[in-house]
Amino acid sequence: MSKDVPPSINEKAFLLSALISRQRLDSRSPHDIRTTRILLGPQPGHAEVRLGKTRVTANVSCEIVRPRANAPTEGALLFTTDFSPMASPAFGDGPGGGGGSGGDEILIARVLERALRGSRAVDTEGLCIVAGEKVWQIKVDVRVIDHEGNIVDCACIAAVAALMHFKRPDVTVLGEDVTIHSTSERNPIPLTLHHVPICVTFAFFNQGMLQVVDPNLLEEQCAEGDMTFVVNRHGDVCTLSKAGGVAVEAGQVIHCARIAAAKAEEVTDMIKAALEKAAVKEPKVAIV
Amino acid sequence: MAARLEIVSPEGLRVDGRRPAEVRRVLTRTGVLSQADGSAYIEQGNTKCLAAVYGPREPVKRAGVLHDRATINVEYNVSSFSSGERRAKLRRDRKLLEIGLMIKQTFETVVATTSFPRSEIDIYLQILQTDGGAVHTAINAATLALIDAGIPMTDYVCACSAGFVNDQAILDLNFLEESADVPTLTVALLPKSGKISMLGLESRLHIDKLEPVIALASDGCMQMKDTLDEAIRISTRNLAKTVLH
Amino acid sequence: MDQDDIEMEIDGEDSLDIHVVTPGEVVTRDSAFMRGHGTYTEDETLVASLAGVVDRVNKLISIKPLRTRYNGEIGDVVVGRITEVAQKRWKVDMNARQDGVLLLSSVNLPGGVQRRKNESDELQMRTFFAEGDMLSAEVQAFFQDGAASLHTRSIKYGKLRNGSLVTVPSALIKRTKSHFVTLPCGVDVILGLNGYIWVAKHVPISPEQANQPDALYHNDNEPIADQEREIIARVSNTILALAKHNNFINDTMIVYAYEAGSSHRVKDILKPDISQEIVQTARAQFQEAQQH
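Chains as they are written, first to last, in UniProt numbering: chain A, 1 to 288; chain B, 1 to 245; chain C, 1 to 292.
What the hints contain is simulated information worked out from the structure, not anything from laboratory work.
A couple of the hints might just be wrong.
[Stated by the list, open to error] A few chain C residues that face chain B, going by a derived Cβ cut-off under 7 Å, partial list only:
hint, residue
1, H19
2, P23
3, V53
4, P223
Yeah, the Cβ is synthetic: ideal placement off N, Cα and C, and Gly gets one too.
Just chain A, same shape as in the assembly (with noise of 0.2 Å):
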């Protein structure tokens, strides 16, 4: 819920008339999700997803580190999030560290951390080298490069995909020594993914009694509340975050749950077409 400018009284009121009568601003049916791009390449591990006019950017890179104390043998994951003020003038010189959109930011920060790390989605214990020495870093840096709403679906869709794309360099181990292959000598390696977390979120309108998935900006910034899920194809919910805003009745929240699983499943598709689509025209460009 961007607050730079909020809309008008009779903007408000226009959509959630159209809402009542099921129909949403740009023709969508409640449960529609905007057309998805994903454009994956040409670097292995670089995706771009375009959720209607919403942007975001993903890129993965890996380092080899020395593992944490307490977990020797797993590998690191982290991810950090740019809201690039090109995106809206919502963001900018909020620090982040308080109310108004920096809010935004750190909550959409967190739903990706929990989304991608705290799923176990990425098989970190894959990632070791040597145990105890050297393991590999996954970095993944996503940046939202246009914000029409609904952010946090599109960074995941771009961290996945990216994450799926991306190919790290093979490494044969020797007693003590470690050889990091170039890319010329060996074929680099995918990531071993458990699962593919994908994000679905909710707005709410007329007190709560009606949802409508994948908001645009309009109706992000006129909703009461906000709900997002993270499913996977397999019927897991590995994060449900609903942070404040219009209570709604339980049997609401199981319903939404059903909705973003099937939600899922289509994503889930759409991220493996175009992953197949960009081994085939490797190195090129992929889109689907």
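Go by the hints and put chains B and C onto chain A.
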């Protein structure tokens, strides 16, 4: 880790001897701080939280002033001595900021902010000891402190946590249960309508199991409501008696 | 205010017909009642939004919370502290939901004679009231957003000197005829309805003083003897003791409590057992006086 430790024994008892749907012992006190407009202290099992509310008062930051309502600011802090190992204090711990924002947005819909334009309400929450359920204890403490400060609200905000292990849902998880990778769901409820205001799930839970966990957590919230309401009634009655009119 | 200390024996107070409500509780389903402070309507029922005692006046139902910030009315005497010097106005902290506003046009300008304010007055605002100054004033009006507008257009209001501030909950100060009292022990007490009380050395106001240009806003204290300081401290502690036990505060109560505590040392008055004893004695005396 779950294999080593039996969260629920075959007889149906948990590590601290509770039944699956049993909430821990709750102790509450209001009016514990002299400078704050409202304050409360809650102990839920071994989790201890102190809440202080200042306001509505003149805003400290000019930027946050809203012309038609009060701004609510929530600061959520976990003491470095609250858990077994000393917690290093990061300058801007995002996790704490996130919890503060979630609590702020939860209370924004319940507190009658439109009665106090151009002022701010500050809620400070300090976790003194964690044994699981720090967030929901903090929310309950904030509710008590707001009521103690005489700030009008449409309803209580009661919170509780529930998890799922060994094919059954358990209520009010302690630290051991939380760290044993039991999926934990924290729920904040508005008891009058029974509607859910805040939800937070940290680890994986299958969608089919979501319903019983939410139901159990909601039940726990209603139990908390009775406890909190009782505490407020007693302290209100006591105060009413001593003020001679 | 620790709850533990307030376990006092109240004689026969259980007969109090108090109806305690908590937020979200239905007060009445009868739509004939009008809703006052602390309530809201949902469907046709009146629901409480505060924890407190139901106060019914004819058809108006309101909830009185037992602890709240000062909510003023026009004509109230308040004691406050200047927090900010702004364009043609001062902002005054009075323990309310917003700082009070003291407009330049609402103060007496030095020189005694009523005169129009000019530009130099505006630039010299700090020579009248600066940040940190204590003052007594009266609530003149309220702004749209609820902030109080104060004035000091009388000789009895203005900058406060020669004393110390005591802060008590505003609910304990009842409206009386005069909030400027001189106690028999020789101190002046200004009972601000906002909970700020000023206890000071008694300095008689002479009418000629008002005419001297520097008299109104000078910042020098009179010389205060040790004995006078002790009396001021004793009165301050007495007021704090009354507040601690949630007893209402007016001049008679302060006098009774002062007498009850005269045998103790000044610093002992704040000890829990002694303060309890003092307040109980004062209360008993008050009730006795009521019966005559």
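**Report entry** Hints that the structure is at odds with (numbers, increasing)
**Finding:** 1, 4
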